[in-house]
Amino acid sequence: MTAALVIFGGYLLGSMPFGYWLVRIAKGEDVRASGSGSIGASNVWRTYGKGYGIPIVVLDIAKGVVPAFVGTALEGELIGVLAGGAAMLGHWRPLFLGFQKGGKMVATAAGTFLGVVPVFGVLCGALWLAFFVLTRYTSVASIATGIVLPVLAVALGQSWPVVVFTVAAGAFVVYLHRPNIDRLRAGTETRFRLRRGADATR
868 MTAALVIFGG YLLGSMPFGY WLVRIAKGED VRASGSGSIG ASNVWRTYGK
918 GYGIPIVVLD IAKGVVPAFV GTALEGELIG VLAGGAAMLG HWRPLFLGFQ
968 KGGKMVATAA GTFLGVVPVF GVLCGALWLA FFVLTRYTSV ASIATGIVLP
1018 VLAVALGQSW PVVVFTVAAG AFVVYLHRPN IDRLRAGTET RFRLRRGADA
1068 TR
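Its first residue numbered 868, the sequence shown is counted upward by one per residue in the working numbering.
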């Protein structure tokens, strides 16, 4: 019963569309009508600036951290990754937005790793940041991290729930970035800039 409640709670937390709510309350606008149409931190940052983007980065990461940490503490790593995975699904298809398009789950996935295995979560974030600094593409950083993480998890001897989660989460993140991959191939993907108003791709 506890495990089921934690997992369901993870989905509900993940479903909270913080990016949508913040922009709606502060600007009276629908972030889904701007940029990539995503409610995630990258689109919020690109469209409205870092003053809006940074809080959403933190909140989207927290969506994964909280259920994953609680699940791991109460029931072990398997329930931790399932609760974090449920939060990711909630972020992708939020209950509170009628299961319409949400975000691409990258920050929430990072939060899940932080909640289950903090050191591995930090390494995950560092890896994403390294790819981003090298390319200035958030999409490339997310795709590359999703591909490399399973190998890294095996090499570092992570538990089987964590390894399986890296494979599933990585594959799903890459799948959700199909439009970005098409733009990268066409040479039309835009690099991320800290200033407000750059074209959003995520």
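Hints are not guaranteed to be accurate.
[What the hints assert, rightly or not] Mimicking DMTMM-like on lysine to aspartate or glutamate, the simulated pairs with C-alpha atoms at most 20 Å apart in a straight line are:
#1 Lys-968 / Asp-897
#2 Lys-968 / Glu-896
#3 Lys-917 / Glu-942
#4 Lys-917 / Glu-944
Hints listed in this document are in silico derivations from the structure and should not be mistaken for laboratory results.
These are the hints, each one checked on the structure:
1. Lys-968 / Asp-897: 13 Å, holds
2. Lys-968 / Glu-896: 16 Å, holds
3. Lys-917 / Glu-942: 37 Å, violated
4. Lys-917 / Glu-944: Measuring from Cα to Cα gives roughly 34 Å; hence the hint is violated.
The earlier numbered hints that this structure contradicts are 3 and 4.
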